[in-house]
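Enquirer: Can you build the whole structure from these sequences, using the hints too?
Chains as they are written, first to last, in our numbering: chain Z, 1 to 295; chain G, 296 to 611.
Hints were generated in silico from the structure; no laboratory data involved. Every residue gets a Cβ at the ideal spot worked out from N, C-alpha and C, and that includes glycine. Check the hints yourself; a few may be wrong.
Okay, the calculated bits of chain Z under chain G, using three or more residues with CB under 8 Å as the criterion [to be verified]:
#, segment
1, 127–140
2, 220–232
3, 259–271
4, 275–282
This is what each chain is made of:
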Amino acid sequence: MSSVADASLSVPDRQRFPLLRALLADPFTCVAVILVTGFLVTAIFAPWLAPYSPLKIDVLHKLQPPSVEHWFGTDHLGRDLLSRVIYGARTALTIAMVSVAIAGAIGLMLGLIAGYGPRWLDAILVLTFDSLNSLPMIMFALAIITVLGAGTGTLIIVIAATSFPSYARLIRAQTLALKNSDYILAERLIDASAARIIFIHLLPNVVGPLIILLSMDIPVVIMVEAGLSFLGLGVRPPTPSWGSILYDGYTSIRAAPFMVIFGGLPLVLATLGFTFLGEGLRDYLDPRLQLRRPA
Amino acid sequence: MLAYAVKRIGLGLLILVLVMIAMYAAVFLVPGDPATVALGPRATPELKRLLIERMGLDQPVWWQIIEFFRNALTGNLGFDVWSNRPVSTLVLEALPNTLILGLTALTVALFIGVPLGCLSVMRRGTAADAVIGVLSVGVIAVPSFVVAIYSLLLFAVTLRWLPAIGAGEAGDFVSQAKALIMPAAAIALGWIGYIARMVRASMMEVMGEPHIRTARSFGLPEWKIVSKYALRIAIIPTISLVAVGLGSILSSAVFVEAVFARPGIGKLITDAVNTRNYPVVMGTVLIMTAIYVSITIAADLLIARLDPRVRDVFRG
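Expert: Following this line, the structure appears as structure tokens:
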């Protein structure tokens, strides 16, 4: 009790980086920050970190167990597994961030339009969001892949198309809540344009919860990318992806079990890291937001 | 209630119609003629002519769309030119395996997740609560197909306790049950954590209500308050969650089914997408979407029945 009283009496110190401090205070979030930072560094500096080219085939030394030359061993084409895992981080994070950013931007725009625009437009947009949201995501994704063919571009389109509706719904709800607040009414009284109201006044105030939601969706996207690449429907070979490494390991699981172990581990660590980081961000910024479903 | 039900079902049907139109349009939007697209790289002139006839592509477009709807309504989803069998037969053959997998996984998750959530509430603020909390988030984060591969490596390849692939011998219950253990566990794991967290969250809200306080003032033991008076109310949000969960489990079983080569919907559609077998993909997606949408509607109606406030929200 006394500490509470002390805190309320003393003048609070001006803390620098309050968000980072709050995140590091929780041990799990702290580990998550370290993991995520590690994966980001790995992805950015992949060419310097990888001991070999991830594409260099050396059939004479295929399926070699971990050794001093190849820490994670080699795959069925003799490619260095560690290098492929390192470049896989680049693939996973690039796709996750690009597609989440695109989905976030689309969701933000449509949500603002639905929330601030005329009622008929709102009705149409909400029906669209609800229709897209009520489709089983993986089935929808597979249908798009059938039409467009597998590849990195398709993957980004699939992820953006399946995730933007929930972002748009969130932004719409936020916009509706703010639409009739005094400061917006004041802007309208002085004849401010709709664009000015939306971009200068609404956007900064609705974007906060979206950022939390986006950060919580990054591990889901990493999972979907790996899953689809595992099925051979994601990133095209020979581009290294954790999912395709897992598939290569899966096909030679008896001869080289280390391949699935080293292929799966970074995927597990990355999804855990991003999930706990998202949870930490959520707890700090907006504890009311709900947990996502398992993918 | 009736108005709500009609609105909800109407919306569901509208969604299905929109999906069908979108999928039908997709075939025409892709460059190249639909027959070639549907057949993919296998298009020989004879197959193409056969398909054009079968798909009615020589008819005007408006007629085709009407035909498509009429056929879909009577359960005719078209023909898989490749295996020379109706798509509906293919889907109906694969569906039971996926349904059994999804229902088993969900049942296991409920039987473990709900008690864990209750335990968390009874021991709130203690180390047990914290451990359950962290483990829940942890298992949600881990991709189910990685769990599947790791358990395959451990229990099938290394220890040889369980069969690695397939759905078991037809008619042999023990072998089917054995083949079900690993895929069901891989899917259930994440859902255990999710259900535990949801039960805990909704129960914590209920715990502050007057009837709980009354029960406590009567000196009822905590486990009885939790299991008898709190859970009954707190379970409502979990019902809708579990229903929606079944829908999404059925489609995300794709990955786990691929790992265990289990002949279900997942394997059917993955093979079809890989070979761009258009009629099979369309038929499967349509049926899975219909199942998903109906489960969601059923859950919403059940919730509305249990909690009148939901209907009012929808009305307003």
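Enquirer: Confirm or reject each hint.
Expert: Hint check:
With a threshold of 8 Å between beta carbons, the proposed coverage of the segment 127–140 of chain Z by chain G holds, since 10 of its residues qualify and at least three are required. Look at the segment 220–232 of chain Z against chain G: 6 of its residues bring a Cβ nearer than 8 Å to a Cβ of that chain, three or more, so the hint holds. Beta-carbon proximity to chain G at under 8 Å applies to 6 residues in the segment 259–271 of chain Z; the threshold of 3 is reached and the given coverage holds. Residues of the segment 275–282 of chain Z lying with their CB closer than 8 Å to a CB of chain G number 3, which satisfies the three-residue condition for coverage.
Hint check: no violations occur; every hint is consistent with the structure.
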